[in-house]
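Produce the complete structure using the sequences and hints provided.
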Amino acid sequence: MDLQITEQDDSTLIVALRGRFDAFNATSVKASWQNNEGLRFIIIDLSETTFLDSVALAILVQGLKTSRLRGGNFIIANPSEAARTIFELTAMDRAFTITLSVEDALDLVVAL
Numbered sequence: 811m812d813l814q815i816t817e818q819d820d821s822t823l824i825v826a827l828r829g830r831f832d833a834f835n836a837t838s839v840k841a842s843w844q845n846n847e848g849l850r851f852i853i854i855d856l857s858e859t860t861f862l863d864s865v866a867l868a869i870l871v872q873g874l875k876t877s878r879l880r881g882g883n884f885i886i887a888n889p890s891e892a893a894r895t896i897f898e899l900t901a902m903d904r905a906f907t908i909t910l911s912v913e914d915a916l917d918l919v920v921a922l
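Numbering (the working numbering), first residue to last: 811 to 922.
Heads up, some of the hints might be wrong.
What the hints assert, rightly or not - Within a straight-line C-alpha distance of at most 20 Å, the following computed SDA-like cross-link-like pairs (lysine to any residue) qualify: (1) Lys840 with Thr876; (2) Lys875 with Gln844; (3) Lys875 with Thr837; (4) Lys875 with Met902; (5) Lys875 with Asp903; (6) Lys840 with Glu817; (7) Lys840 with Phe861; (8) Lys840 with Leu867; (9) Lys840 with Arg830; (10) Lys875 with Leu922; (11) Lys875 with Ile908; (12) Lys840 with Asp812; (13) Lys875 with Thr860; (14) Lys875 with Arg828; (15) Lys840 with Gln814; (16) Lys840 with Gly829; (17) Lys840 with Val912; (18) Lys840 with Gln872; (19) Lys875 with Ala892; (20) Lys875 with Val865; (21) Lys840 with Ala826; (22) Lys875 with Glu858; (23) Lys875 with Phe906; (24) Lys840 with Leu813; (25) Lys875 with Gly829; (26) Lys875 with Glu891; (27) Lys840 with Ser857.
Stated by the list, open to error - If you anchor each label on the Cβ, the simulated ranges turn out as follows: (28) Gly848 with Glu898: 16 to 26 Å; (29) Glu847 with Glu891: 26 to 36 Å; (30) Gly881 with Gly829: 16 to 26 Å.
Everything labelled a hint here was simulated from the structure, so no lab data went into it. Note that CB positions come from ideal geometry on N, CA and C, so glycine has one too.
As C-alpha cells, then:
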C-alpha cells in the first residue's frame, strides 16, 4: 500500500490510500490522525484502493469515532469499485459520509 498524507489545514487531514488496505498496514493509517488532537476532519481518499479487509474497516470506524469525539467528521472520498462494494455489503455506507471526490469532501468540511 502507498500512503499519502496531506494536512490541508490545522484541523483537516487528507489520507490517500493506494493498493491493499489490510491488517499489515492499518496501524500506519491510524497513526496519521491518532496523536494530533487538533485534527477534526479526516478525509480518506479510496479512489485507488484495491482491497479492504475487516481490520481496515475497523480502523476506519475508529477514525469515525475519533473525528466525531473531536467535533468533526470522517469522510470517505471517491471509493473505488472494490471499496464501494465492501462498504455496501457491510452496510458501512450508511455509517460514513461518502463523497464523489476529495474536492466534494473539502467543500463539505467548509460547510460544517
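Right, here's what the structure says about each hint:
In summary, the hint linking lysine 840 to threonine 876 is supported, as the alpha carbons are separated by about 10 Å, within the 20 Å threshold. Of the supplied pair hints, the one linking lysine 875 and glutamine 844 holds, its CA atoms being roughly 11 Å apart against a limit of 20 Å. The suggested pairing of lysine 875 with threonine 837 holds, with an alpha-carbon distance near 16 Å, which does not exceed 20 Å. At roughly 13 Å between alpha-carbon atoms, lysine 875 and methionine 902 fall within 20 Å of each other, so this suggested pair holds.
With a C-alpha separation of about 15 Å, the suggested pair lysine 875 and aspartate 903 falls inside the 20 Å cut-off, and the hint holds. A distance of roughly 15 Å separates the Cα atoms of lysine 840 and glutamate 817; the hinted pair therefore holds under the 20 Å criterion. About 17 Å separates the Cα atoms of lysine 840 and phenylalanine 861, which keeps this hinted pair within 20 Å; it holds. Proximity of lysine 840 to leucine 867 is assessed by CA-CA distance (about 11 Å); at most 20 Å being required, the pair is judged to hold.
Only pairs whose Cα atoms come within 20 Å are accepted, and lysine 840 paired with arginine 830 is accepted, the gap being roughly 15 Å. At roughly 17 Å between alpha-carbon atoms, lysine 875 and leucine 922 fall within 20 Å of each other, so this suggested pair holds. This hinted pair checks out: lysine 875 and isoleucine 908 have alpha carbons roughly 16 Å apart, not beyond 20 Å. A threshold of 20 Å between alpha carbons decides the hint, and for lysine 840 with aspartate 812 the separation of about 14 Å falls inside it, so the pair holds.
Between the alpha carbons of lysine 875 and threonine 860 the distance comes to roughly 24 Å, so the proposed pair goes past 20 Å and is violated. Taking the CA atoms of lysine 875 and arginine 828, the gap is near 23 Å; set against the 20 Å cutoff, the hint is violated. Straight-line distance between C-alpha atoms of lysine 840 and glutamine 814 comes to about 13 Å, which keeps the hinted pair within the 20 Å bound. A threshold of 20 Å between alpha carbons decides the hint, and for lysine 840 with glycine 829 the separation of about 16 Å falls inside it, so the pair holds.
Using a Cα cut-off of 20 Å, the hinted pair lysine 840 and valine 912 holds, with the two alpha carbons roughly 19 Å apart. Distance hint between lysine 840 and glutamine 872 is fulfilled; the C-alpha atoms sit about 8 Å from each other, no more than 20 Å. Distance check on the hinted pair: lysine 875 and alanine 892 sit about 24 Å apart at the alpha-carbon level, beyond 20 Å; violated. At most 20 Å may separate the alpha-carbon atoms for a hinted pair to count; lysine 875 and valine 865 meet this at roughly 15 Å.
For the given pair, lysine 840 sits about 13 Å from alanine 826 by alpha-carbon distance, which is consistent with the 20 Å threshold. The hinted pair formed by lysine 875 and glutamate 858 fails the criterion: a straight-line CA distance of about 24 Å is larger than 20 Å. At most 20 Å may separate the alpha-carbon atoms for a hinted pair to count; lysine 875 and phenylalanine 906 meet this at roughly 11 Å. Between lysine 840 and leucine 813 the alpha-carbon distance is near 11 Å, which keeps this suggested pair within the 20 Å criterion.
About 24 Å separates the Cα atoms of lysine 875 and glycine 829, which puts this hinted pair outside 20 Å; it is violated. About 25 Å separates the Cα atoms of lysine 875 and glutamate 891, which puts this hinted pair outside 20 Å; it is violated. Taking the CA atoms of lysine 840 and serine 857, the gap is near 18 Å; set against the 20 Å cutoff, the hint holds. Checking the proposed 16 to 26 Å range against glycine 848 and glutamate 898 shows it is violated: the Cβ atoms sit about 33 Å from each other.
Range check, glutamate 847 to glutamate 891: Cβ separation about 35 Å, and the 26 to 36 Å hint holds. In this structure the supplied range 16 to 26 Å is violated for glycine 881 paired with glycine 829, their Cβ-Cβ distance being about 32 Å.
When each numbered hint is compared with the structure, violations occur for hints 13, 14, 19, 22, 25, 26, 28, 30.
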